[in-house]
Structures are given as structure tokens and as C-alpha cells.
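Trainee: Residues per chain are reported as follows:
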Amino acid sequence: MAAGVAAWLPFARAAAIGWMPVANLPMPVAPTNKNKHQDEIIILNVSGRRFQTWRNTLDRYPDTLLGSSEKEFFFNEETREYFFDRDPDVFRSILNFYRTGKLHYPRYECISAYDEELAFFGIIPEIISDCCYEEYKDRKRENIERLMDDLEDNKDSKLPNMTFRETMWRAFENPHTSTMALVFYYVTGFFIAISVITNVVETVPCSSMPNQRDIPCGERYTEAFFCMDTACVMIFTVEYLMRLFAAPSRYRFMRSVMSIIDVVAILPYYIGLVMTNNEDVSGAFVTLRVFRVFRIFKFSRHSQGLRILGYTLKSCASELGFLLFSLTMAIIIFATVMFYAEKGSSSSKFTSIPASFWYTIVTMTTLGYGDMVPKTIAGKIFGSICSLSGVLVIALPVPVIVSNFSRIYHQNQRADKRRAQKVQKAKLARMRISKGGSSSAFPHSKRNGLNQSLELTGSLEEDQQLKKTTSLLESQHHHLLHCLEKTTNHEFVDERLYEQGYLQTALQNFPSQSPSLSSEEGITGTCCSRRTKKNIQPLSATHTHSHTHNLQELSALHIQCGEQHPLNTSRSSLNLMSDESGSLNCKSSGLVTTAIISIPTPPSNNSRASPNAPPPPNPDAPPLPNPGTDVVKISAL
Amino acid sequence: AVSTMWETEGLQTFGIVVVVCASLKLLHLLGLISFSEDSVEDELELSAVRHRPEALEQLEAQTRFSRKELQILYRGFKNECPSGVVNEDTFKEIYSQFFPQGDASTYAHFLFNAFDTDHNGSISFEDFVMGLSILLRGSVQEKLNWAFNLYDINKDGYITKEEMLDIIKSIYDMMGKCTYPILKEETPRQHVEIFFQKMDKNRDGVVTIDEFIDCCQNDENIMRSMQLFENVI
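Protein sequences appear in the order of chains A and B.
If you read the first sequence in UniProt numbering, its first letter stands for residue 1, the second for the next number, and so on.
If you read the second sequence in UniProt numbering, its first letter stands for residue 1, the second for the next number, and so on.
By construction, these hints were calculated from the structure, which means they are not laboratory data.
Every residue gets a Cβ at the ideal spot worked out from N, C-alpha and C, and that includes glycine.
Some clues are possibly wrong.
As the list claims (entries may be wrong) - Facing chain B, according to a computed beta carbon distance under 10 angstroms, are these residues of chain A, among others:
no., residue
1, N24
2, M27
3, V29
4, V257
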């Protein structure tokens, strides 16, 4: 519940009077405000700057430093104020959190200083409100990466006891660690360059004799080029195998981009070796040689800039996608228009719409080869519109891509792709912590037996114990929800329990209605055995409480039973509900039987149990969760 | 000849396109069609509605709250609604925050109508404080009167079964889906039946204010629960 609406809680509680005439059950007792001193202004002196606020404002969040008794450690007796030797600027945002319920992150603040202050005052950063949360996360990630980079630089000092394999891997990844690694680095670079140059020169025509027609050098000096190729491929193969051997996780290495490039670079050679005598596939063999050009991508290990370019393109995938999509749409539109515009002119090059695609692309990218030109007036008009719009469409996404590249280059980021997933996950976790937690707070606290403070016979130590864990605000809110439960005669349960109950009842058949002790064990065994095992632990602590609560219920029903005959209809209708096969109350009937064991009086459906019977220490009662015991009492009648 | 015919055709096509675009632009200028999907300018309501409440002394005289209590109440009220009035949507939002598991908007609607005594669509601080004064400091008679007013949706002096059904359904809506036992369709209706059996003494199908007050005063539980929230402020 947001602190901002905490001020309206008295209103909501007062409005609950509207439920009273409708309710058929008595309401629980309201939590009393034991220390009802007048709300006072307390002074917080943070490094000389005095902040003043109401005590109630700080009490809204009892699990932080300022909201709990931890602030008493900072109380200065002489000046009657709380003194904190911390940064007053950051304290401003922290105090505003108490006032408005929203924590903001000021942009000018250093992220680690802010984090320290939050940690000091016991506030978790996930509470930062949406308006500032993205900024906070971005800055935090930058900081972490900067720290990691620094850490890596320091890690280059020799770690003792590294196996040979680890040394090799480190040599491959960081060439400047040892001279051998450096030598290896340069040698492979050199051979990549040689291989690429060889591929290029292979196709240059060189003629031995002036009157012969030009043939490519590759066909002239076949053996020389073949030897060169073999040498390069051998070096690459050896390098790949060594990397594969040294990789800490071979599976992950084989899936990485660089290793795929390596494989693609050397594979054509081996395929060529195998297939070189077969004439039919020589065409395919030639095509395979195209793939040799991928060796140039092996340079990306050597060049940081190339890697960054690759990451940029990956991160700008959406902008590139948009560019492509809008271009395609525009091309199709203009090609169609040009085709129909030029249809009439004689000897028109625009023979079909796909043929016009070429003209459109060339015009929109402002290339203008001039091999296809429109001749009709309409064609020229549309052609000019086409070239103008092409400039616009292409110019729009380009600055985004450029700025992305420069950002990545300056920040030297590693994996932009992972950012989106982390934000999504963190956002879900954050929402679950700060916001979603409120809706299951009430059933949770019920299950922990914390609403025992609402009993008729609450003893002092219990109350003190409980005040530690729930603030007055929370207990009042829970009391309100409890009143609603009593009004409607239904209980709030957790989503989890609700689904459990739903599934369980869908699977089981209903047992008979009459609760006899002998059949009980069987029923609870089949229907609710899973639940009983789970819920033993939290209830053992509230053992006595649950019984006194039962006591309250029994006494209440005792009063009710005398006057309220209509109540029978609701109760019998509840029992009737359990008659229907396949409906949802197997759980209730299962629990009914178990609870009857726990009633101190004989297991009859008569509710005139004496309220003064001492509750026996019953080991059967604890297995039931608190909501179960409550409801059972009602339906047992 | 063929080429000139096609040339005129091409020009005709171009002319048609120009005319169509011009007519679209004309219609847009006239405001008959709009090109943009969400025009933000239309959303700006008059956010200049501000309300200042009556003086503290006057409110003190009209309600049963002390000066300090009025101060606390106003501070909380103003914090949540800086403009000084609560409209129905804000009211529903605030009330729903107390019942996160269910849907409190219907009941909040009825509450809003009960508080908005002059029916001007918004609750000012005076309405708020008057209502609270009755609820927290009023006599039992006044509280029951207020509750009757809440249930009587059309304010005609009679509670019919339909009105009661609406109210009870809205209360059950606040419970939400995850309840134990699972809420059934007939539960609100049964609850209404119980209520009418209790309250409708002459069995004429409606509950009047006298029947209501009479019956509630005879019911120990209801009397006790009416005193429950005395110490809220």
C-alpha cells in the first residue's frame, strides 16, 4: 500500500461501517493504538542541515533505519535531535521517499555514493520509481562494467598454479600476456593477410606471352597458389585445434561466432580436396571458393573496432529492420507506379514491375546509373518524387545507427544484447517485491498467525511481539480486510493456495458428508496430505494462538446459533455445495473432518460447545493453515 | 498515336491523384477527418479546478472533530488531492489501493455517491469531513441513517432487493478471485435473502428506514460492530 494513501486509511476504515448491517458475523476487534501520543515533529540533523518531519511520516516504513527504533542510536540528548553524519543532498531524496512514497534518483548524483546512502538508511534500490529507474539501472551497469574492466586489467598478473591448458587459453585471449602469445598472434594475423591477398591475386590476369589471351594467375601458377593455400589452411587448422583444446568449455567455444568463422574459413579447402576429381560438382566447388573470403573475418579477433562494428549492427537491428521494411514498401509502390506510367512509351525498359525494382532502388539511393530512364512526362514526375523520398527514407535511420556506434565505441561495451533481458527480469523481480507484495501481504500475515492481535483475549506480550513486525498502519489495514472477510463469510487466500485447492478438488472425488473419525484419516490422507506436510512448520509457533482463535470462533458461533436461523441456510448451503460432485469443496470437507478432531467437545455437529473448555494440545490442528481452521469452524455447523 | 494516347492517360492518372490529395487535405482542414490517432491536445481538461475549504472554525462548529483532528485530516486529504476536490476516478483509485486482491471500484462508486451529498460529481473537503463526522462521532441513529443512505442507491427511501443485490455484489467483488471457499454465483443472492428475511418485517419486498433502524437496534452484533471504529482518528 503506498504511503501516500496511508492518510486515507482512517477514511476507509470509517467507511467500513457500511458493511456492518450486511454482515452476519461479528467483527474482529480493532487494533488499538497503544502509544497514542500526539504526532510530533522530529528534527533530523544531517551534517548540519536540519530536516523536520512528522514522526508518523517516518513510521510508514518500519523496516528502514528511520522508521524503526534503529534511529534511536543517533539521538542526540543535548540538542534533542537525530544527528546523521551523512550527505545532506542525498538525504533529501531519501526523506522525500517517506513523504511521497516514491524514491527518485537524482541525475547529478554519483551512483555508488547514492547506493551507499540507500544501504545506510536501509532502503532497497528496487523501490526506485519508474521515472528514475531506467537511469539508475543504466548508470549502475556502466559502473559495474567499468569495475570489471579494471579488474580484468589487474588480473593479468600471473596466477599461480594454472594448468597448461589454462595458460594456453589465456595466451589466446590476451595476446599481450606473454611473448609466445604475441608471436602467435602476429603470425596468425600475417597468414590471414597472406591468404586473403592470395585469393585476390589469384583472379588477376597475368599473361606470360604477349600474344596469348589473358588468363588469371591462378590458372597459370596453379601449384604455387595451391601450396600457399595449403600452408595457410594448415596454420588455421592447427590454430583452431589448439583453441579447441584450450577452451575451458568446449561446447560453448564451438558455438561461439569466432569459431564458426574459423570453421567456415577452412572447410572449403577440405571439401575441395575431397571433391576435386569429380567433374559434376566442379561448379559447386568453385562456389565454395567464395567462402574463402570469410577468412577476412578472422581479423575481427585482431581488431577491436571490427568487433564493435559487429555489435553495433546487432544492437541496431531494429533500426536496420525499419529501414529495410520502409525501403521495401517504397520500392514496391514506386516500381508499380513507374511501370504503369511508362507502360505506353515505346521501347520502354520498364518491361515488368520487377524490372522497375532496379530503377527504383537505383533512384532512391541516389545512384542513378542511367541504364533505365523514364520517358513519359508522368514517369518523370513520379521518378523525381521517387528520388526525393528516397533521400528522406534513407536519411532517417542513419543518424540513429551512427550515434549507437559512437556510444558503443566510447563505452566499449561487451554485450548489448544481454541488457534487454536483464532489464526485463529485474523489472519483474522489482515489481514483485515492491508492488505485488501488497496483495498477498494479508494472506501471508494470516498464515503466520499475525492477526492474533485481533483476538478478544490478546495478552500484552503477544502484542509487543507483534508490534515489532507489523506497523500500526499495517495492522489496521489487516483489520479492515478481516472485517471484509467477516462480512462476506469468505476468506482471502494466496494465489498459490487458491490454485492448489482448485486443482486438488478437481482431481479428487468427494468423500461422504458425515464426519466419522474412522473415515477422517483416510480422507485427510488422500485429499490433503500434500498440504498437511507443508504447513506444519509455521503453525507450530502459533499453536496456542490458533486455539484461542478457535475459541473465539466457537464462542461467536455459540452466540449466533441462538438467534440466527437464517444462518443455517448459509451453512447448510455451504454444506450443500460440498455435495455436488466435481465441484470445488473437497478441500473443505477434508478439512472439516480434520478440524472436528480438534474441537475440544465431542465431534458432533452441535455448536453449543462450551466456550470455556480448555483447548487440548492437539497435534492435528497445526497441520492446517490458519485460513483453513477458520472456515472449517463455520462450515462445521 | 498510341504513345500520345498513353501519355494523356498518364497525365490523367497524375491529375486524378492530385485531385484526391487536395480533397483529403480540404476535409482535414474542415476537421471532418483527422489523420493523427491520439491527439494529445484534446486530453487537456480544465485542470484549473481548485477548491479551498471553509475556515477551520466553521468546520469545527459543523462537525464533531477537534481542531487538531481537522488539521490532520486536511493534511492527509490535501496530500492525495492537491486540487482540493476528489473526483470519482481518483476516489476509486485511492479506495482500490486498500483492496489489492479484488475490484473495489463498484463499492467505491456507491461510497462516492454516499459522500457526495450535494451530487456535484466531486467530494470536497467539507463533504469528506461531514461524512466522517457522522461515521466516527455520530450517534448510532445517525450511523444507521448513513448506512441506509448508502444502500438506497436511488435515494427514494426504500431499499429494494435489486439495490441490495448490487451493494452486496460490490462488496463481494472486493474479495477478488482467490477466496476460500470459492465464491459462487448464488452467494450474493443468498446473502440478500438473509438480509431481507432479517430486516423486512412486513414482508413487502422493500426495507424502509424505520424497519432498518428498528431491526439493527435489536441486533447485538450490529450494535457492537457500529462502535468498532470509534478510535480511528
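Trainee: Taking the earlier hints as the rules, which of them does this structure contradict?
Mentor: Violated: hint 4 alone.
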